[in-house]
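Novice: Per UniProt numbering, the very first residue in the sequence shown carries number 1; after that it's consecutive.
I should point out that these hints are in silico values taken from the structure, not numbers from a laboratory.
One thing to keep in mind: the hints can contain errors.
Claimed, not checked - Below, a list of computed lysine to any residue pairs in the SDA-like style, where the Cα atoms sit at most 20 angstroms apart: (1) 83 x 225; (2) 83 x 204; (3) 193 x 96; (4) 193 x 82; (5) 36 x 56; (6) 164 x 110; (7) 209 x 190; (8) 83 x 219; (9) 150 x 120.
Quick caveat: nothing in here was measured; it's all calculated off a predicted structure.
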Amino acid sequence: MGAISIFTIAVTIVVVAVPEGLPLAVTLTLAYSMRKMMRDKALVRRLSSCETMGSATTICSDKTGTLTLNKMTVVEAYLSGTKLNPCDNTGMMSSSVASLLVEGIAQNTAGAVFSPENGGAAEVAGAPTEKAILSWGLKIGMNFNDVRSKSSVLRVLPFNSVKKCGGVAVQVSDTYVHIHWKGAAELVLASCKSWFSIDGSVHPMSSDKYNELKRSIDDMAMSSLRCIAFAYCTCELTMVPREDLDKWQLPDDNLTLLGMV
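Please take these sequences and the hints and turn them into a complete structure.
Specialist: Here it is, written out as structure tokens:
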């Protein structure tokens with residue numbers, strides 16, 4: 001058998017074995033897969049990647065926003081040293097403590113709440129953690145715009161990844177300023193020298209109470225929950241350096257714990 005015959009037979013086998021429409025069918029299948037993944041917010045830059053991923057056995061991926069919805073909600077809350085059940089049941093809490101808490105939530109935030117003019121449900125904007133806290137604040141009776149209009153912000157310390165907390169100083173009267181802190185629960189708790197009880201009275205932070213609250217934080221951490229604490233202190237307006245506010249270091253060493261979520 002000559003070389004030409006062998007070549008002719010080989011070409012014939014290839015033509016018969018591989019259908020004419022197979023390459024087109026493969027391309028269309030990969031394109032369909034790409035469009036379907038686009039609807040799930042996954043961008044495929046090269047069609048061949050779909051085929052490559054079919055052979056993958058292990059995927060290393062960021063969790064937040066990829067394997068999760070990147071949405072957070074408050075599922076546990078400790079106010080006045082007591083766990084709330086459900087987490088938005090603040091009926092037993094003193095009105096004075098509730099007022100301080102919603103003031104801290106509304107003023108010490110990078111998010112915002114938009115109330116539609118037609119009286120529909122309020123819309124919350126911001127980072128996932130901020131949105132969760134603001135949404136919880138609305139559930140416990142916070143009027144975002146009303147709270148923010150009642151006090152004047154003097155100084156804002158944005159959340160710091162090193163310090164793991166952020167603070168804000170708001171003038172609430174002609175003589176006093178409230179300084180609110182919010183951040184990693186274990187760090188905020190360590191700066192608290194007192195705490196509020198249900199009736200609104202202030203108690204020193206004893207070692208037993210500190211250990212009790214620390215166990216609550218550890219329990220939430222063991223359940224893969226992000227724990228945020230709220231605390232505040234007061235200072236006289238005369239102590240505020242009006243002419244040098246940008247360099248004012250907000251006091252954070254004698255705080256009163258408001259709550260944890």
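Novice: Holds or violated: residue 150 with residue 120, Cα cutoff 20 angstroms?
Specialist: violated (24 angstroms)
Novice: Given the hint that residue 83 pairs with residue 225, test it: the Cα-Cα distance must not exceed 20 angstroms.
Specialist: Holds. Residue 83 to residue 225 sits at ~15 angstroms (cutoff 20 angstroms).
Novice: Please verify whether residue 164 and residue 110 have alpha carbons no more than 20 angstroms apart.
Specialist: holds (15 angstroms)
Novice: Please verify whether residue 209 and residue 190 have alpha carbons no more than 20 angstroms apart.
Specialist: Measuring from Cα to Cα gives roughly 12 angstroms; hence the hint holds.
Novice: Just to be careful, I want the Cα atoms of residue 193 and residue 96 compared with a cutoff of 20 angstroms; is the pair within it?
Specialist: The hint holds at about 19 angstroms.
Novice: CA of residue 83 to CA of residue 219, is that 20 angstroms or under?
Specialist: holds (12 angstroms)
Novice: Going straight from one Cα to the other, do residue 193 and residue 82 come out at no more than 20 angstroms?
Specialist: holds (17 angstroms)
Novice: Take a quick look at whether residue 36 and residue 56 sit within 20 angstroms of each other, Cα to Cα.
Specialist: holds (19 angstroms)
Novice: Assess, step by step, whether the Cα of residue 83 is no farther than 20 angstroms from the Cα of residue 204, and give holds or violated.
Specialist: Satisfied, since the Cα-Cα distance of roughly 19 angstroms is no more than 20 angstroms.
Violated hints amount to a single one, hint 9; each of the other numbered hints is respected by the structure.
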